[in-house]
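There are 2 protein chains.
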Amino acid sequence: MDRIESVKNQKVKQWRKLHTKKEREATGTFMIEGLHLVEEALKTKEIIKDLIVSEDTTIPTHWNVDQLNIILVTKEVLKAISDTETPQGVAAICEIQTELSADNWNKILFIDSVQDPGNLGTIIRTADAAGIDGIILGEGTVDHYNSKVIRSSQGSIFHLPIIKGNLVEWLDIYSRNEIPVYGTSLQNGVSYRDVSPSEQFCLIIGNEGSGVNRELLQKTVKNLYIPIYGGAESLNVAIAAGILLYHLRG
Amino acid sequence: MDRIESVKNQKVKQWRKLHTKKEREATGTFMIEGLHLVEEALKTKEIIKDLIVSEDTTIPTHWNVDQLNIILVTKEVLKAISDTETPQGVAAICEIQTELSADNWNKILFIDSVQDPGNLGTIIRTADAAGIDGIILGEGTVDHYNSKVIRSSQGSIFHLPIIKGNLVEWLDIYSRNEIPVYGTSLQNGVSYRDVSPSEQFCLIIGNEGSGVNRELLQKTVKNLYIPIYGGAESLNVAIAAGILLYHLRG
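Residue numbers (full-length UniProt numbering), protein chains in the order written: chain A, 1 to 250; chain B, 1 to 250.
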């Protein structure tokens, strides 16, 4: 078992860099922190490259860590690589899954330029709960391996396939396969209540400020809005995603 | 028009204290920041005690600030009283409304011990959008005049009455008035889809970790759950509120 005591250790320096998207993409890895997230990752153990454990922490006895590369570190090292104020004593370096397939998805969520990490994480968690088959992230959307996204997703990032792609191209593919693609829009469109739940659908959720890209909205079957009955100007994007996904899946 | 240049000014010191619940309760006032929130507050102008404007900021010309007590401050003063990293140049001290009445509410939201300010603000915004008549905050719920709650509510805090109260007592009152009170629960209970939308209802949303207090759950007509189809353990509390409120109001 390796042991690292110094925050100046090369490995520690490299782990810290994983808080940047650039480093995550260059290395094909990302970091997760905390008991709950590491436990979720252990369910697909092969993605864990390194399990990092603080010397003042005891791994839960029900964890099966056979064959994992465990690195023992000091409390200071764990604090140095963490971006939370009170690290839970355990972290892991995981491999980014690149060979995810979008075949046979029937319930799909497109995310177009959602920028707040907390919103994206909550949307992923919600899509997971709603039994969505997969998520496609369009350009301009915050990286889903950002630590705040992972945290807000509460581990759902490990439960369903999430890929990056060109939403216009994917929209064309699903349309050809006769899966109805619904945009979302504050203006125009039809109330979501006028669309019946179904086995197959693709929903597009858009940017917090500007909504779904116009080019996408022009190619959908219908664009849905959620009626606003009170004085609010709009709903939070994750709330809107929750209402629509649970309605559409029926 | 008053003008304050020093961050050591007595008024500035007192405004800063408004970031604590204790000071807000002692003075019966709270602070809001930013163009959007101040614009919302201006719709009920009588609640604004002081309008604080940074000298490098121009008030939008469509704002009607007649008879308001405007205090001009330096950029440094505004930064000192703000809790955001990039203050927008305008803030206001508002009076806490104490004489809100819960009469004639037909669609009511009870909030039992929600602790994250972002969650509470988002729930308030969502309840506003869903046309809820009023919100009752039970003990243990984060103070709704907390600046992060106000920010997340996007101004909805000004759109519907929010009062603090004993939820058990209020539950009894609504039950006597034959308004169905629904709890929420991860276990037990009935799927929310099995309850029909109606003109009158009261929904109870609970703590992020422990849910709704058991004493309340025992006094409801029904306790509702939202089915989880994927691997997520639960939904974020604000997402659950959104799905349930939009379902119940029909």
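Hint data in this document are derived by calculation from the structure and do not stem from the laboratory. For clarity, every value in this text was computed on a predicted model and none was experimentally measured. Be aware that one or more of the hints could be misleading.
All copies of an identical chain are treated as equivalent in the list; a pair is satisfied when it fits inside any one copy or across any two copies.
[Stated by the list, open to error] As a list, the in silico DMTMM-like pairs of lysine to aspartate or glutamate whose alpha-carbon atoms are at most 25 Å apart:
id	residue 1	residue 2
1	Lys75	Glu85
2	Lys8	Glu178
3	Lys17	Asp133
4	Lys45	Glu233
5	Lys148	Asp83
6	Lys11	Glu199
7	Lys43	Glu233
8	Lys13	Glu208
9	Lys148	Glu23
10	Lys148	Asp116
Status of the hints after comparison with the structure:
1. Lys75 with Glu85: Within one copy only: 13 Å inside, 30 Å across.
2. Lys8 with Glu178: Classified as neither: same-chain Cα gap 55 Å, cross-chain 67 Å, threshold 25 Å.
3. Lys17 with Asp133: Neither: 32 Å inside a chain and 49 Å across chains, both beyond 25 Å.
4. Lys45 with Glu233: Answer is between; shortest inter-copy Cα gap is 20 Å, intra-copy 44 Å.
5. Lys148 with Asp83: Intra 9 Å, inter 21 Å, cutoff 25 Å: intra and inter.
6. Lys11 with Glu199: neither (47 Å within a copy, 61 Å between copies)
7. Lys43 with Glu233: between (42 Å within a copy, 14 Å between copies)
8. Lys13 with Glu208: Answer is neither: 34 Å inside a copy and 35 Å across each miss the 25 Å cutoff.
9. Lys148 with Glu23: within (16 Å within a copy, 32 Å between copies)
10. Lys148 with Asp116: both (9 Å within a copy, 16 Å between copies)
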